[in-house]
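Use these hints to put chain B onto chain A, whose structure you have.
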Amino acid sequence: MTDPAAARLDGDVGLGLLRTMWRIRLFEERVGQLTRGDEVHGLVHLSIGQEGVAAGVCSQLRLDDVVYSGHRAHGHAIAKGAPLHRIMAELMGRSDGLCQGLGGSMHLVDVEHGFLGATGVVGGNVPLALGSALAGRLLGGDQVAVVFFGDGAVQGGIFIESVNLATLWRLPVILVCENNGFAEFTPRSAHTNVERVSDVVAPYGVVRETVDGNDVVAVRDAFARFLENAREGEGPMLLECLTHRLRGHYEGDPERYREALAAEEWQQLDPILRLQRRGVNERWLDEEATVRIEQGTRDEVDEAVRFGRESPFPPVALATELVYAS
Amino acid sequence: MTETTYLQAITTTLAEAMRADPRVLVLGEDVAEGGPWGATRGLAEEFGAERVRNTPISEAAICGIAIGAAQSGFRPVVEIMFVDFLTLAFDQLVNQAAKAHFMSGGQLQVPLVLRTQGGAGQRGGAQHSQSLEAWLTHVPGLKVVMPSTAADAAGLLASAIADPNPVVFVENKTLYFLREEVADDREPVSLGHARVVRAGRDATVVALSRLVHESVAAAEQLAREGIDVEVIDPRTLVPLDLEAIIESVRRTHRLVVAHEAIEHGGFGAEIVAQVQAAAFDDLDAPIVRVGAPFAPVPFSPPLEDAYLPGQDEVEAAVRATLGRTYGGEH
Numbered sequence: 001m002t003d004p005a006a007a008r009l010d011g012d013v014g015l016g017l018l019r020t021m022w023r024i025r026l027f028e029e030r031v032g033q034l035t036r037g038d039e040v041h042g043l044v045h046l047s048i049g050q051e052g053v054a055a056g057v058c059s060q061l062r063l064d065d066v067v068y069s070g071h072r073a074h075g076h077a078i079a080k081g082a083p084l085h086r087i088m089a090e091l092m093g094r095s096d097g098l099c100q101g102l103g104g105s106m107h108l109v110d111v112e113h114g115f116l117g118a119t120g121v122v123g124g125n126v127p128l129a130l131g132s133a134l135a136g137r138l139l140g141g142d143q144v145a146v147v148f149f150g151d152g153a154v155q156g157g158i159f160i161e162s163v164n165l166a167t168l169w170r171l172p173v174i175l176v177c178e179n180n181g182f183a184e185f186t187p188r189s190a191h192t193n194v195e196r197v198s199d200v201v202a203p204y205g206v207v208r209e210t211v212d213g214n215d216v217v218a219v220r221d222a223f224a225r226f227l228e229n230a231r232e233g234e235g236p237m238l239l240e241c242l243t244h245r246l247r248g249h250y251e252g253d254p255e256r257y258r259e260a261l262a263a264e265e266w267q268q269l270d271p272i273l274r275l276q277r278r279g280v281n282e283r284w285l286d287e288e289a290t291v292r293i294e295q296g297t298r299d300e301v302d303e304a305v306r307f308g309r310e311s312p313f314p315p316v317a318l319a320t321e322l323v324y325a326s
Numbered sequence: 001m002t003e004t005t006y007l008q009a010i011t012t013t014l015a016e017a018m019r020a021d022p023r024v025l026v027l028g029e030d031v032a033e034g035g036p037w038g039a040t041r042g043l044a045e046e047f048g049a050e051r052v053r054n055t056p057i058s059e060a061a062i063c064g065i066a067i068g069a070a071q072s073g074f075r076p077v078v079e080i081m082f083v084d085f086l087t088l089a090f091d092q093l094v095n096q097a098a099k100a101h102f103m104s105g106g107q108l109q110v111p112l113v114l115r116t117q118g119g120a121g122q123r124g125g126a127q128h129s130q131s132l133e134a135w136l137t138h139v140p141g142l143k144v145v146m147p148s149t150a151a152d153a154a155g156l157l158a159s160a161i162a163d164p165n166p167v168v169f170v171e172n173k174t175l176y177f178l179r180e181e182v183a184d185d186r187e188p189v190s191l192g193h194a195r196v197v198r199a200g201r202d203a204t205v206v207a208l209s210r211l212v213h214e215s216v217a218a219a220e221q222l223a224r225e226g227i228d229v230e231v232i233d234p235r236t237l238v239p240l241d242l243e244a245i246i247e248s249v250r251r252t253h254r255l256v257v258a259h260e261a262i263e264h265g266g267f268g269a270e271i272v273a274q275v276q277a278a279a280f281d282d283l284d285a286p287i288v289r290v291g292a293p294f295a296p297v298p299f300s301p302p303l304e305d306a307y308l309p310g311q312d313e314v315e316a317a318v319r320a321t322l323g324r325t326y327g328g329e330h
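Protein sequence lines correspond, in order, to chains A and B.
Just so you know, we're using the working numbering here: the first sequence kicks off at 1 and counts up by one.
Just so you know, we're using the working numbering here: the second sequence kicks off at 1 and counts up by one.
In isolation and in its complexed conformation, chain A is listed as follows:
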């Protein structure tokens, strides 16, 4: 017996999630273009198709909650509140980038917004989140630490070391796995016989749930339950989000390892289109609002690009000045 009113998504929440996903989508589409135009540099990993996870999780976090991410981090940074123009400037290697141009796509950090950082080494971010969770608990607060990683990270030893320690010390950390079925260029089945990441952590007693990661509302609901418990000091927990990366592993990846998606398949998998259909059905979204969100976001991304282009490259001396903190 489901109460149809309870199953309905609050319109403001729905619009907020939609806006966040559009911001990630359009930002990253532009980043893809700028990568091909050689304005964005280096190794760039896009999360197009996976926006539902970032939006569903980060929309519920406070400023003082801490988020860590991996090499595919733009969406998490955006959803946690990092401003688009500062991220764009960073990807362009400019002075006004989040990290003054010293980080780049795989190493975004925005301390002000609780985004303690992306790391380019797969799995290396997991223990860092445990450390922040420990710090939060020792300080007596109710802030939580969240770490995003892909299913590819789970085969690294440090993942199990971290899961073991997090459970042993009952750290208020929420592990969010974006299981997109691919570790870089090869499918999960070629890396492990364990189909579900939630099964990997089962013996440790981690509270866990596997959800459809392309259903942003499902992600949000599952994460809300975890978050409530983590605020009470419980943990760790693992939220496995089954999702689908629509771009290659990195921009320029020839993607010989998979077939292109049929249009109708894409309709099913795209978390943005799915939420929009739901919004229309539930009458909190119409064509006009959709266009308004999309256009407003395009303008914001244009502005971010303009900001990035106008920002100077950092002085060469910066590289030797910021090696040590004083």
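Treat the hints as calculated values from the structure; they're not laboratory data.
A few of these clues could be false.
[Unchecked claim] Which chain A residues stay away from chain B? Per the calculated CB distances, all over 12 Å, these:
1) Leu9
2) Pro83
3) Glu255
4) Glu294
[As the list claims (entries may be wrong)] Covered by chain B, according to a simulated footprint, are these stretches of chain A (three or more residues, beta-carbon under 8 Å):
5) 116 to 122
6) 127 to 133
7) 153 to 161
[To be verified] On the chain B side, residues computed to face chain A include the following (Cβ under 10 Å):
8) Pro56
9) Ala60
10) Ala66
11) Gln96
12) Phe102
Predicted model, so just to flag it, every value in this text is computed and none were measured.
Positions of the beta carbon are idealized from the N, C-alpha and C atoms, including for glycine.
Coordinates of chain B only, in the frame set by chain A:
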């Protein structure tokens, strides 16, 4: 003055730091029980299990947790039982801790101390006896400290804990129970300041960790022959007090660089390169290095004894740089 050991100096300093600052944590394998040598003995009793945390044998995760806690405002002191096991934590140390401040454009700080111990001489075999400090000095963002005395162990550890950067603090297992008189009103020893252990006129020996003691013994032996050797302990490799070394070389014109680590690619090579670039005209002889042969540390006692550089090798190196052969002939 109080008599203390190198090990007691470390324990005392940790306790003082934990008393002074609730953000100081101690993490590592068996640290609540004091660890294999007892460096953390008594800390769990005084500061409790939340701040003195025993960990599983998970070097990478221990380091990562400490880095995360440091980024979130704490001052963790991690113990890695043997420097040889640091290899397991190198991603965290090299890719995360060392680069966090830099890659974040200065937003993050990692005030982490990683205590570990190295060195041979206890028949530990090739995986429990290494001197790996040169690897660490090659990583910008890390500071590398190698105390040779109890007083320096205490003073440098206090500074390392107060430092806003990741500091690797490399102790030496053979020095732990060395007794010495230490002043009661100790001051922290700031990182980057060498100590002239013994003043001399004829040659300078720059020595690290255990080799400081071996070099002083060599200097005393040579003094009987009228050779006056200055011994300098840099105490920290990063930052390196090159000025103190150069100042000495300008007076003695001869330099020996001595460490227990393998000579090939050892930190001595860096000191040699920097000194010759800065003071080539002041040198009267090629600089001589003392280090271990290019081989893993052997287990069999006579082989390990032969492998380890010590007083005899330093003496021979000083004679070589003075152009003297054994027996004092010119």
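Violated hints - listed by number, lowest first: Going through the list in order, the structure violates no hint and respects every one.
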